Amino acid sequence: DAGVIQSPRHEVTEMGQEVTLRCKPISGHDYLFWYRQTMMRGLELLIYFNNNVPIDDSGMPEDRFSAKMPNASFSTLKIQPSEPRDSAVYFCASSIIRGDEQFFGPGTRLTVL
Amino acid sequence: DQQVKQNSPSLSVQEGRISILNCDYTNSMFDYFLWYKKYPAEGPTFLISISSIKDKNEDGRFTVFLNKSAKHLSLHIVPSQPGDSAVYFCAATSNSGYALNFGKGTSLLVTP
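Going line by line, the protein sequences match chains Z and V. With our numbering as the guide, the letters of the first sequence map in order to residues 608 to 720. With our numbering as the guide, the letters of the second sequence map in order to residues 48 to 159.
It should be emphasised that the hints constitute simulated quantities derived from the structure, not laboratory data. There's no promise every hint is true.
To be verified - Okay, the calculated bits of chain V under chain Z, using three or more residues with CB under 8 angstroms as the criterion:
no. : region
1   : 55 to 64
2   : 86 to 93
Stated by the list, open to error - Using C-beta positions, here's what the derived DEER-type ranges look like:
no. : chain 1 : residue 1 : chain 2 : residue 2 : range
3   : Z       : Q687      : V       : I65       : 45 to 51 angstroms
4   : V       : E62       : Z       : V619      : 34 to 40 angstroms
5   : Z       : E625      : V       : K115      : 44 to 50 angstroms
6   : V       : H119      : Z       : N657      : 39 to 45 angstroms
7   : V       : K52       : Z       : R671      : 26 to 32 angstroms
All values reported here derive from a predicted model rather than from experimental measurement. Idealized CB from N, CA, C, for every residue including glycine.
Model the full assembly from the supplied sequences, consistent with the hints where possible.
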């Protein structure tokens with residue numbers, strides 16, 4: 608298995624632009640998680656899905672952030688409009704069980720100018 | 048509010064010595080704890096875990112200790128190797144409804 612796949616690996620955009628991050632979880636994993644890593648806040652959970660259904664989005668910072676999972680093999684995290692404070696590394700992870708070991712993708716480093 | 052805390056941002060240890068990384072948690076509902084290791088430009092990878100029914104779990108050079116009364120766990124690496132240099136994240140969860148809560152990480156540097 609190729610593991611969790613994220614694209615792009617790096618994204619540089621200007622303030623106000625729409626940004627879409629993509630994730631392909633490990634096949635057979637029922638849970639998908641989106642995290643954001645910053646120096647100030649560490650690794651924070653934004654949202655997670657179970658069987659493609661969003662379960663907890665309380666970590667999504669504001670309405671500019673949205674996430675979808677149209678099928679078991681694909682999820683997107685969208686920021687519209689983007690702001691410089693959104694600059695961070697965004698990780699996608701998947702797991703078989705919610706509270707068990709999660710497998711992380713390599714992350715997308717987002718820079719908003 | 049940070050429910051999992053790693054109060055040491057960094058740690059430097061000589062090769063061959065023991066590395067001890069600490070983690071504290073505040074939520075008494077947490078009953079399963081994990082350590083992740085992260086190299087630069089990579090995602091975190093699972094290292095070792097422990098259930099609250101145990102106080103120790105060992106896997107090769109890595110041992111995790113859990114002190115429930117103190118809400119404290121620690122990761123011991125013996126002997127430390129230069130390849131262990133990475134950021135280590137502590138995480139906690141519960142089957143009663145929590146996803147993983149991560150600490151901010153401790154950067155370990157093992158010097159030759």
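Structure-based check of each hint:
1. Counting residues of the region 55 to 64 of chain V whose CB falls under 8 angstroms from any CB of chain Z gives 0; the rule of at least 3 is not met.
2. Remark: the region 86 to 93 of chain V is confirmed as covered by chain Z, as 6 of its residues place a Cβ nearer than 8 angstroms to a Cβ of that chain, reaching the required three.
3. For Q687 of chain Z and I65 of chain V, the Cβ-Cβ distance of about 49 angstroms falls inside the hinted range of 45 to 51 angstroms, so the restraint holds.
4. Between E62 of chain V and V619 of chain Z the C-beta distance comes to about 38 angstroms, which sits within the given range of 34 to 40 angstroms.
5. At about 46 angstroms, the CB distance of E625 of chain Z to K115 of chain V agrees with the hint of 44 to 50 angstroms.
6. For H119 of chain V and N657 of chain Z, the Cβ-Cβ distance of about 31 angstroms falls outside the hinted range of 39 to 45 angstroms, so the restraint is violated.
7. At about 29 angstroms, the beta-carbon gap between K52 of chain V and R671 of chain Z stays in the expected band of 26 to 32 angstroms.
In terms of the numbered hints stated before, the structure departs from hints 1, 6, listed from lowest to highest.
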